[in-house]
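Colleague: Chains as they are written, first to last, in the numbering used here: chain A, 421 to 884; chain B, 186 to 266.
Treat the hints loosely; a few may be bogus.
What the hints assert, rightly or not - Pairs of lysine-lysine, DSSO-like flavour, derived with a Cα cap of 30 Å:
#1 B:205 x B:259
#2 A:817 x B:205
#3 A:792 x B:259
#4 A:754 x A:731
#5 B:266 x A:817
#6 A:742 x A:731
#7 A:817 x B:259
To be verified - Residues of chain B placed beyond 12 Å of chain A at every Cβ, according to the derived structure:
#8 191
#9 199
#10 218
#11 223
#12 227
#13 229
#14 244
#15 266
The set of hints was computed from the structure by calculation and includes no laboratory data. All residues carry an ideal CB built from backbone N, CA and C; glycine is no exception.
Here's the letter readout for the chains.
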Amino acid sequence: MPQNDAGSLWDGTSAAGNLSDRFLSGADATVTLGALDGGSCLGGRGGELRGRSVLVWTRDQLTAALALIELDGLARRLVLCPSDFSYEHLPFVIDQAALDAIVSDRTALESDIPGVGSFIPCSPKIVPANYDRGAGCQTEWILLTSGTTGQPKLVAHTLASLAGAIENTRSSPTPVVWSTFYDIRRYGGLRIFLRALLTGASLVVSSTEGSMADFLIRASAYRVTHISGTPSHWRRALMSPSARRLAPQYVRLSGEIADQAILDHLRSFYPQAGIAHAFASTEAGVAFDVTDGLAGFSASLIAGSTDVEMKVEDGSLRIRSKLNANRYLGGSSKPLANPDGFVDTGDMLELRGDRYYFVGRRDGVINVGGLKVHPEEVEAVINRHPQVRMSLVQARKSPITGALVTADVVLAMDPATMNGQAGTLQHEILELCREALPRHKVPAAIHFVRNLPVAATGKILRHA
Amino acid sequence: MSVRSQIIAQITQVAQEQDKHLAPLEDALELVDSGLDSLCMAVIVARLEDSLGVDPFTAAEVAGFPVTLGEFVKFYEDAAK
Numbered sequence: 421m422p423q424n425d426a427g428s429l430w431d432g433t434s435a436a437g438n439l440s441d442r443f444l445s446g447a448d449a450t451v452t453l454g455a456l457d458g459g460s461c462l463g464g465r466g467g468e469l470r471g472r473s474v475l476v477w478t479r480d481q482l483t484a485a486l487a488l489i490e491l492d493g494l495a496r497r498l499v500l501c502p503s504d505f506s507y508e509h510l511p512f513v514i515d516q517a518a519l520d521a522i523v524s525d526r527t528a529l530e531s532d533i534p535g536v537g538s539f540i541p542c543s544p545k546i547v548p549a550n551y552d553r554g555a556g557c558q559t560e561w562i563l564l565t566s567g568t569t570g571q572p573k574l575v576a577h578t579l580a581s582l583a584g585a586i587e588n589t590r591s592s593p594t595p596v597v598w599s600t601f602y603d604i605r606r607y608g609g610l611r612i613f614l615r616a617l618l619t620g621a622s623l624v625v626s627s628t629e630g631s632m633a634d635f636l637i638r639a640s641a642y643r644v645t646h647i648s649g650t651p652s653h654w655r656r657a658l659m660s661p662s663a664r665r666l667a668p669q670y671v672r673l674s675g676e677i678a679d680q681a682i683l684d685h686l687r688s689f690y691p692q693a694g695i696a697h698a699f700a701s702t703e704a705g706v707a708f709d710v711t712d713g714l715a716g717f718s719a720s721l722i723a724g725s726t727d728v729e730m731k732v733e734d735g736s737l738r739i740r741s742k743l744n745a746n747r748y749l750g751g752s753s754k755p756l757a758n759p760d761g762f763v764d765t766g767d768m769l770e771l772r773g774d775r776y777y778f779v780g781r782r783d784g785v786i787n788v789g790g791l792k793v794h795p796e797e798v799e800a801v802i803n804r805h806p807q808v809r810m811s812l813v814q815a816r817k818s819p820i821t822g823a824l825v826t827a828d829v830v831l832a833m834d835p836a837t838m839n840g841q842a843g844t845l846q847h848e849i850l851e852l853c854r855e856a857l858p859r860h861k862v863p864a865a866i867h868f869v870r871n872l873p874v875a876a877t878g879k880i881l882r883h884a
Numbered sequence: 186m187s188v189r190s191q192i193i194a195q196i197t198q199v200a201q202e203q204d205k206h207l208a209p210l211e212d213a214l215e216l217v218d219s220g221l222d223s224l225c226m227a228v229i230v231a232r233l234e235d236s237l238g239v240d241p242f243t244a245a246e247v248a249g250f251p252v253t254l255g256e257f258v259k260f261y262e263d264a265a266k
């Protein structure tokens with residue numbers, strides 16, 4: 421296992437070996453890791469960023485990946501901007517992270533950014549550079565998550581907390597090629613990026629601009645063997661005919677609740693693949709993987725783990741481990757962990773038999789006449805219907821009970837060709853809900869829709 | 186379908202879905218005695234809003250809420266005008 425806390429990301433990447441056969445591939449370019457040995461994506465100017473607080477704000481995920489490899493251990497702080505980072509938040513982030521440099525492939529930014537010392541362009545064009553990476557500093561990695569106030573929250577990690585507990589991918593007859601639907605500048609994607617680099621694998625990154633089909637075709641062309649995404653990513657992928665081109669050995673889900681329906685779909689779609697769902701959050705880090713193909717997780721996990729301590733309090737999962745983020749950056753933020761050192765994930769659990777099931781987010785509860793409904797638990801039931809591909813349960817205002825539950829449902833068939841089957845399907849889905857749920861959780865109405873919005877985080881878009 | 190017949194159809198449908206025994210649907214029937222609880226009423230009002238395009242309960246000019254089935258029907262007929 422690589423000693424991540426002993427050196428920089430580049431040290432770990434090269435220690436994993438075989439640089440000339442490994443690659444990073446984006447939508448527009450592919451770079452072999454060997455080229456990064458004595459090479460620079462920053463025009464050889466990486467040395468100028470020694471000890472600086474650097475915003476990495478690129479259009480392309482590949483250029484961001486290259487900049488992160490080059491700058492870890494060199495910069496004092498790296499702030500990772502995901503694809504949907506908005507210009508309006510820039511002054512806030514500059515201030516909170518005390519930024520004094522920007523690395524970007526958006527050259528138009530250069531003349532346009534107030535109050536930041538340096539602008540250094542980066543590109544997948546690697547130029548020779550032999551500046552001394554030296555015994556560098558421990559770089560602070562800052563991830564941005566959506567905050568409740570509209571401004572992003574700045575979550576501080578180190579390479580050690582981000583890359584902790586990464587196990588070597590099981591020995592494989594073919595070279596391991598990772599990919600992820602996630603943006604690598606978000607926690608779920610970043611873990612995959614680090615995992616690929618530190619375990620001697622290659623990586624195919626996704627692209628914001630391209631379609632799902634484009635990405636699946638690109639991933640299959642590079643013979644991706646291991647691939648991760650949210651359940652919403654996977655539901656979308658399985659709706660694309662191009663998903664058949666992939667032949668993964670390992671399929672991973674995280675970031676949202678993996679219900680039994682999506683696990684079963686993946687199992688029958690990729691019978692040769694190991695399928696795992698994991699619990700992770702930007703603040704709490706990765707807590708555990710579930711590999712038995714069943715939704716939820718064994719209650720024995722809560723007490724059984726030593727590296728990652730877990731407990732359930734007030735119904736939500738709490739986690740304390742060295743994979744936890746260190747803190748929120750910025751003076752006005754609340755502490756990230758409770759006084760006991762546990763991070764409250766806000767993810768609510770229900771114990772059924774000897775297994776815990778995630779039922780939803782604490783802040784996503786719908787109140788129907790005083791009774792609580794988690795949208796996710798209703799969606800899990802709806803998704804069991806064989807014709808259902810995705811669903812979104814939302815609150816609808818009611819003058820009688822305050823709120824009611826309604827559902828938007830994406831079917832496997834095109835709504836335009838249903839020929840009067842809509843009523844039957846609505847009836848069947850409602851029957852399913854009535855059998856499995858108390859009556860206040862059964863949707864008052866079911867609407868069939870062509871698709872559902874998925875946010876840049878890969879999670880289904882829920883309106884507050 | 187008239188407003189009245191849509192309301193009667195919706196009430197019958199929801200009662201059946203929710204396994205509720207309905208009292209005979211006469212105009213003088215008080216809604217609290219109809220066999221429908223508040224969750225049933227909420228579902229009926231939501232579905233009527235979808236089919237009739239109005240929700241008289243949230244309309245601004247409403248003076249008093251209907252007590253009997255007859256008033257309930259008139260409530261919707263007035264709102265749908």
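Colleague: Tell me, in ascending order, the numbers of any earlier hints that this structure violates.
Modeller: Of the numbered hints, 3, 9, 11, 12, 13, 14 do not hold.
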